[in-house]
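S.K.: Listed in order, the protein sequences are those of chains A and B. No gaps in the numbering here: position 25 of the first sequence is 25 in our numbering, and each next residue is one more. No gaps in the numbering here: position 63 of the second sequence is 63 in our numbering, and each next residue is one more.
Hints are computed from structural coordinates only; laboratory data are not their basis. Treat each hint with caution, since some may be false.
[Said to hold, decoys possible] In the DSS-like style, the derived pairs of lysine-lysine whose C-alpha atoms are separated by at most 30 angstroms in a straight line are:
1. A/K70 / B/K57
2. B/K96 / B/K70
3. B/K9 / A/K70
4. A/K70 / B/K96
5. B/K70 / B/K9
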Amino acid sequence: SQQGEEDPQALSIQEGENATMNCSYKTSINNLQWYRQNSGRGLVHLILIRSNEREKHSGRLRVTLDTSKKSSSLLITASRAADTASYFCATAPYSYDKVIFGPGTSLSVIP
Amino acid sequence: DGGITQSPKYLFRKEGQNVTLSCEQNLNHDAMYWYRQDPGQGLRLIYYSQIVNDFQKGDIAEGYSVSREKKESFPLTVTSAQKNPTAFYLCASSPKTRQGPNTEAFFGQGTRLTVV
Chain A
1 SQQGEEDPQA LSIQEGENAT MNCSYKTSIN NLQWYRQNSG RGLVHLILIR SNEREKHSGR
61 LRVTLDTSKK SSSLLITASR AADTASYFCA TAPYSYDKVI FGPGTSLSVI P
Chain B
1 DGGITQSPKY LFRKEGQNVT LSCEQNLNHD AMYWYRQDPG QGLRLIYYSQ IVNDFQKGDI
61 AEGYSVSREK KESFPLTVTS AQKNPTAFYL CASSPKTRQG PNTEAFFGQG TRLTVV
């Protein structure tokens, strides 16, 4: 199975609500990254959190990392219709020189 | 503008043909990657390169080939040996550090390949 797996697979919320997506992984990591993909486009990097960090903020985004549980969460506060996209977590294991992507969470924000 | 450019945006291939997808970056990044994305799924790594004239197979390299003759360019050839090539192909680059992929990856806008 995947190194990183997002949960839920799909999420639908009303504009203004908060959206939370989770990512679980299997091996020890150097860092964990979150990306966003609009339909039919390339991925855009959102935030990177290192293994020695527990929480990181960027604008309306908050990412947490729990290395003991091998999990991360992405919180988008006060969601907007423009946040509608797929969100992927990507892990950089210590033993590899590449980044591994999970299957993603599809977020729909309803105006 | 600095960035990573993939071309073409759409590509149609007849069965039995080889096709080459272009990926160029002017970010001076050492590492470049090719991913395949199928509908509703995540990204699977095809090939990656950390330095010019060197590249490694990813998880699904069969039926694909690459070259890295220049730092800026990392073309992907989808050969006739790839039995199910219809997919969205994404190229990415990142700076290389001593510790590995410690920084963000920059993605192109993708090439959608369809077998007709």
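S.K.: Each of the hints needs a verdict: does it hold here or not?
M.R.: Quick rundown of the hints versus the structure:
Restraint check: the Cα-Cα separation between A/K70 and B/K57 comes to about 27 angstroms, which is no more than 30 angstroms; the hinted pair holds. Between the alpha carbons of B/K96 and B/K70 the distance comes to roughly 16 angstroms, so the proposed pair stays at or under 30 angstroms and holds. Between the alpha carbons of B/K9 and A/K70 the distance comes to roughly 37 angstroms, so the proposed pair goes past 30 angstroms and is violated. With a CA separation close to 25 angstroms, the supplied pair A/K70 and B/K96 stays within the 30 angstroms bound.
With a C-alpha separation of about 22 angstroms, the suggested pairing of B/K70 with B/K9 holds against the 30 angstroms cut-off.
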